[in-house]
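Engineer: If you read the sequences in order, they're chains A and B. In terms of our numbering, the first sequence opens at residue 1 and continues consecutively. In terms of our numbering, the second sequence opens at residue 1 and continues consecutively.
Wrong hints could be hidden among the right ones.
To be verified - Quick list of in silico lysine to any residue cross-link-like pairs, SDA-like style, CA-CA up to 25 Å:
id, chain 1, residue 1, chain 2, residue 2
1, A, Lys285, B, Gly127
2, A, Lys390, B, Ile141
3, A, Lys313, A, Ile280
4, A, Lys265, B, Phe124
5, A, Lys285, B, Arg88
6, A, Lys265, B, Val131
7, A, Lys263, B, Asp4
8, A, Lys265, B, Gly109
9, A, Lys96, B, Phe124
It should be emphasised that the hints constitute simulated quantities derived from the structure, not laboratory data.
These are the residues of each chain, in order.
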Amino acid sequence: MRRPLNRREFLRTAAAVGGTAVVPTLLKLRPAWAQGKKVPVGSLLDKTGGINIYGLPAIAGTEYAVAEINAKGGLLGKQLELIQYDTQSDIANFPKFAKKLILEDQVAVIHGGITSASRESFRPVIDEYKQLYFYNIIYEGGVCDKYVFVTGETPTQQMGPIAKYALKKYGTKAYTVAADYNFGHISWKWWDIFWRNGGGLEPVAGGKKGQHVGKVEFIPLDVTDFNATINRIQEAKPDVLMSFLVGGAHINFYRQFAAAGLKNKIPIVSTTFGFGNEHIVLDAKEVEGLVACYPYFDELDNAQNRTFKAAMKKKMGDPNYYIGDAGAESYNGWHFWAKGVQKAGSFEREAVTKALESGIEWDSPMGRVKMDPASHHTIFTMHLAAVNNKRGWNVIESFPNIPPTETMQLCDLIKNPNQHTQFQPK
Amino acid sequence: MSLDTAAIVVLEILNSITILVLLALGLALIFGMMRIVNLAQGEFFTAGAFTVLTAVRFAHLPLWVGMLLAPLVVAGIGIAIERLIIRRLYGRPLDVMLATWGVSLLLIGLITVIFGAVTQGIPFALGNFQVGRYSYPEYRIVMTTVAAGLMLGVYVLFRYTAFGRRARATIANPEMASAAGINTPRMFMLTFGLGAGLAGAAGAIMAPIVGVVPTMGVLYIARAFITVVVGGPVVLVGTLSSASALGFIEALISRFSLFQIETAGHCAPPPCAINIGGSAFFGQIALLIFAILLLRLLPQGISGFWRQRR
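All chains, full assembly: derive it from the sequences and hints.
Structural biologist: Next up, the structure:
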């Protein structure tokens, strides 16, 4: 039997309902991190699915970076509370979880996103809610967004050294295979420019100029059989093969290429091979000698990297654990943000952005890294390296302080603070 | 087209057909014959690949031992699933679909828990041979041979053995078969197990050329269903004819260069245009369009059409 509602109960209920409606609005005015002892911070990475070959090392780097910051007393006296969502290699999850991080968890910063398709899927959410965001992975360049900081490498940093090396060492005829989404298509446009110019954005004086043979092939991420592609490569007889292949399914390309007996006939260069630790999945006899260019390899010898490697091996419980570029860049992303917060003395986006735009530089496991104020991109020392037969890389040549020129030329976020775009070649 | 290119195109077509046959053969028994929409078929494929991985990586057995073990292990898994779940749902097609989808998710989850969600590889040793300007992996020929062997085995099994006769009788008319003294539940179980085992064999054979990852079945299940549906109700003839038709179209379209684009950049050495297309992408589109057309024209599938004509 139900009692009729009396006046006192009615008022109590009404106050409770009204209160719950009002409180979130208040919270939005005063974010969670302005009140509690802990500061929520968010990470969106693919722990499962085809992209997790990059996601897993990036998660390892993320977790270690946050744990390290907390172990040293946190930031501004507050511990970080890392909130991670597994985006499952499904683009639809990124905008969904980004909104959740911003509105429900009220994080001070979001790190993550792996494929460029996933990044572009939730960058509008970042812009809509004016959320500070770090993208910590190699990509096709050109993102020019006041709210976004990039600690990954871009075409100039990789393709310049690769093109010059391949022209000198292998020859002028290149064949290109690329993943069929925005990363592969835009990377191809930049590669066309770098290759034809002999390794620069503008024609490089002297030296050889590259040309393309056969086709450029854009291959969907779920394709696992490359038989026809491999035969077409043989038809075109290139001096060198450029690979912009991405994800777990595309690893098979290298195996099938070697199985066709081409490993010692057509050398491969790539801007993507290795940052998902493909050289661990594949056998040395399948990929030894493949050349890539990254700011980080586990083999780099400096004090910070020795500490970093020992700590990561301990964290993963594996003495042979290979960190790779994706892990190191995620680690760097968090530390760039932490340095911004410390310099600003605040978690507020405007203050942290301003601090990061003052040109923060520090000694990371990959050596000295510097945030370029105008483009929000990172300046690194790049290393050209070849896969060795010990499940690792041999560094061939190092290029100190390479700027992400293609993006810096077009992007000035200090002059144009309202820019939220991605530039690409026509 | 020069002679070696022609030869390599033939090999490519053969390879496309081989892969479709491998994917579809087990499903043709389970879906084509038993009318069970088994959404866990992709995970039987995955289980086959992981059996090989376990045998090679952890038990240090030779590759071929792992490949022989895989169909047996997966047939065992199939029989267990038939006994526990599917047997209770015969004659309820939608429920079976839901249940096998659940099994599919469960298997993906189990494999992920055991092996982790990482991509792993199984390197293999066979060499390659020369076709004019091309070198071609020998393993592709091995795959085709195995696929042909499996088809022949299934044919002999169903055509010439007592088991085959009983299984066919059971599928054609369970009540009559039961009245004639055939243990029909056992026949259903064994046929399902055989279908699972064939998927396991396919997973094992393809494991060395693809990345082994718990979700790999998802990449193949759609093509397996398309091949079986286009093939129609007759298991072997249907699978072979539809795999041939679809594989032929896919491989051929993958070859064409579809259009040219102007490239950006400073065109130092001409030409500045480059061909786009002729990729797996267009091959897949062609396969799907062709499958839709075939089903519009031959709603019973290729073998159903032949059967009607006779």
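Engineer: If a hint holds in the structure, say so; if it doesn't, say that too.
Structural biologist: Results for each hint:
no.: 1; hint: A:Lys285 / B:Gly127; verdict: 12 Å, holds
no.: 2; hint: A:Lys390 / B:Ile141; verdict: 31 Å, violated
no.: 3; hint: A:Lys313 / A:Ile280; verdict: 15 Å, holds
no.: 4; hint: A:Lys265 / B:Phe124; verdict: 19 Å, holds
no.: 5; hint: A:Lys285 / B:Arg88; verdict: 50 Å, violated
no.: 6; hint: A:Lys265 / B:Val131; verdict: 15 Å, holds
no.: 7; hint: A:Lys263 / B:Asp4; verdict: 21 Å, holds
no.: 8; hint: A:Lys265 / B:Gly109; verdict: 41 Å, violated
no.: 9; hint: A:Lys96 / B:Phe124; verdict: 42 Å, violated
Violation of the numbered hints given earlier is confined to hints 2, 5, 8 and 9; the remaining hints are satisfied by the structure.
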